[in-house]
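As given, the protein sequences belong to chains A, B and C, one line each in that order. Anchor point for the first sequence: position 42 equals 42 in this note's numbering, and the numbering is continuous, going up by one each time. Count along the second sequence from 1, add 244, and you get the number used in this note's numbering. Count along the third sequence from 1, add 434, and you get the number used in this note's numbering.
No lab work stands behind these hints: they were computed from the structure. If you're wondering where the values come from, they're calculated on a predicted model, not measured in any experiment. The beta-carbon is built from N, C-alpha and C at its ideal position, and this holds for glycine as well. You may find that some hints are simply not true.
Unchecked claim - Chain A stretches covered by chain C per the calculated footprint, using a threshold of three residues with CB under 8 Å from any CB of chain C:
| no. | stretch |
| --- | --- |
| 1 | 38-46 |
| 2 | 62-68 |
| 3 | 82-90 |
Okay, here's what each chain looks like letter by letter:
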Amino acid sequence: MQTVFKRTPTLKDCPTHYCPGCGHGIAHRLVCEVIDELGIHGRTIGIAPVGCAVLAYDYFDVDMVEVAHGRAPAVATGMKRTNPDKIVFSYQGDGDLAAIGTAEIIHAAHRAEQLTVVFINNAVFGMTGGQMAPTTMLGQITATTPQGRQADGQGYPLNVSELLAVLPGAIYVERCGLCSPAHIRKAKAALKHAFELQINNAKGLSLVELLSPCPTYWRMTPPDAMLHIQNEMTKVFPLGRLKG
Amino acid sequence: MVKQINHLYEEVTIAGFGGQGIILVGKLLAQAAMKAGKEVTFMPSYGAEVRGGASNCMVVISDQPIPSPVVSNPQCVIAMSKAALAKFEKTVKKGGTLIINSSQIDVQPKVDDSVEVVKIPIDEIAVGLGNAKVANMVALGAYLQKRGVFSPDEAAESLPDVLAERYHVIIPLNKKAMQKGAEFVKNNGK
Amino acid sequence: MCGNEAMAESAIQAGLDAYFGYPITPQNEVTAYMSQRMPEEKRVFVQSESELAAINMVFGAAATGKRTMTSSSSPGISLMQEGISYLAAAELPCVIVNVMRGGPGLGNIAPSQGDYFQSVKGGGHGDYHCIVFGPSGVQEFADIMPLAFDLADKYRIPAIILADGILGQMMEPVVIPTNSKLNTQKLKLPKKDWALTGADGRKQNIVRSLWLAEGAIEQHNYDLQAKYRQIEKNETRCEQSDVDDADIIIVAYGICARIARRAAQQAREQGIKVGSIRPITLWPFPSEPISKAADKSPIFLVVEMSCGQMVEDVRLAVAGKTPVVFWGRPGGGIPTVEKILEKIEQLTIKPKK
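Isolated chain A, as found in the complex (with noise of 0.2 Å):
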């Protein structure tokens, strides 16, 4: 019998906590086979934000920090400069990155810092129990818009990616969605360039914004919270190299 697919080194091999359906644990899998496509296991620190994927480092098996909410891109900071041999990369969520944590990631753009940002986004905060989240679309419902979200008093949909595309810091950001076999090769290849500029030494921030599907809080199928991505989300988020 041949082997034609099989589990990369770095992604552990164990139970998951996340639901049926969710983005994670694809994105999850491309980020491990990325790093053992590039040979950085043993010197790759991974950062875990607040969020669904609090507990990231009960699946990358590589050096983990879980950091307090929104702060990533300021830890990450902190061990890239005084490790610039390694490679830091933060993983976060739309709540961490998009709410709580938005001057972090701004400033660590802005000063330019050699780190990857893997950044979700499914529009709602997960662990706390589907509430609005800044990326949240217009319309939707979710714990804390139970008429839907209104422009009028909660806002628009909050483009993180675009807002940092702007700044000279920023070297390379792309969004791309899990939400087909192409569109996840698609990721696969984006995040793979991400890491490749770190190792290259490349001198900014590279982020990859992955449109993921959260079919519990979505009130969703799964197949149906794939289409919701491809039919709904790339309207307000579309998909494409924003950066470098």
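Since the structure of chain A is already known, use the hints to place chains B and C on it.
Okay, now just chains B and C, sitting in the frame of chain A:
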């Protein structure tokens, strides 16, 4: 049983406005005291003001460990401006000394009768030397002549330590200013 | 050198790898000094966008096993409390300098000791302690830095230096501790095998503060407490003078202790038997020496630049054995020798029967 101990304990407040070199001259006094083997503390006023605002510093010189660098009733106040006089004239200790820059201050200070008031046209002397900026050194010279912890020439030895290197060319002028201040006090008795 | 600069240079001599900070008066000399000296030494200096970021940069550098510090003043230290709680939980060594100013709120920029509670009782959320030092002069401010780094490394704990605006701004002659002496001390410190250095050829290291499994955080707390008891046993430091025959004992720390000490000496010259106890570590607090001194029933006079914070720890130590009296000034008021003497004299007046 009260023991009378005659040890050196000299507290001085130097006050004026930003740009008059108040902090610099305080540092010079402190540095010279340290070189003379004394215990010394220097405490600057620190605040939002950089130029033009009030500026003052406190120097304590002693032959014993100094408890507090913050001085409330100094033996000597050097007032370089009217505002500085108004703020600090009442703090001078009984029997102490008040040195006044009479170039800027035309009012009679409100002090205890026991305080010796020394009026000296500090700015005019400095301008006479060709540089208004050395007024602070004139004041220090006058102070040292009056209170005599050490001589102006001894103090001048510390000028290279406190002046930025680009000002080292004017060290002789600064030294001269100190001597002029001292001379004025010597020649004008009170 | 002003206190801020002396402390900064001493930290560099103690092997500081990275400094992160955000400007705030009255400690701006530290950030300015570090921005000049750290690059000279080919070490890391970053001016952060906030104190939140600064303390988390410290968290990052500490997690990789580097010697790291930040400094700030009261309002900025309040912002750092989240990070300090995480540092304590993750057991990461670092040094945090607080050049205290008047509060609450934005307060003023004058010297104060109003952050005692915040520093010694935790400050952030959860059951934790940091080692807290209260230096009383520029020399001690400098001398404490290598010790603070060593103890932080030894016990994997954040160390806080509680200074104030006077200590930061004042100048007095100082000798910076050089690193030759320190290197030999450093050798005795435990290896940082927990640090995140890349899992090359070894099992993954994880630095974390979240323990969701039932009972796990309870156990983590017991472990932390056991460590804190060790620190209390080994690292409590204080200075006592003329305590044995004293009718009045002044307890004060920092700049207040210098002023109080002079008052005590002058009182002795007047024939009043006054002694003094100066805590050098504020946590662990020197409860034992105070309790022992209380057995002889002197009156305790606690002097602080606050409305009375450390006095509570003195009362706990004295445990009702003898009266504890407080005098202090908050918000930038500085106690004078004369005023403390006046308080001492008042305490010698026998109450009318």
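These are the hints, each one checked on the structure:
1. 38-46: holds (count 5)
2. 62-68: Coverage by chain C holds for the stretch 62-68 of chain A (7 residues, Cβ < 8 Å).
3. 82-90: Contact hint for the stretch 82-90 of chain A vs chain C: holds, 3 residues under 8 Å.
Checked against the numbered hints given earlier, this structure breaks none of them.
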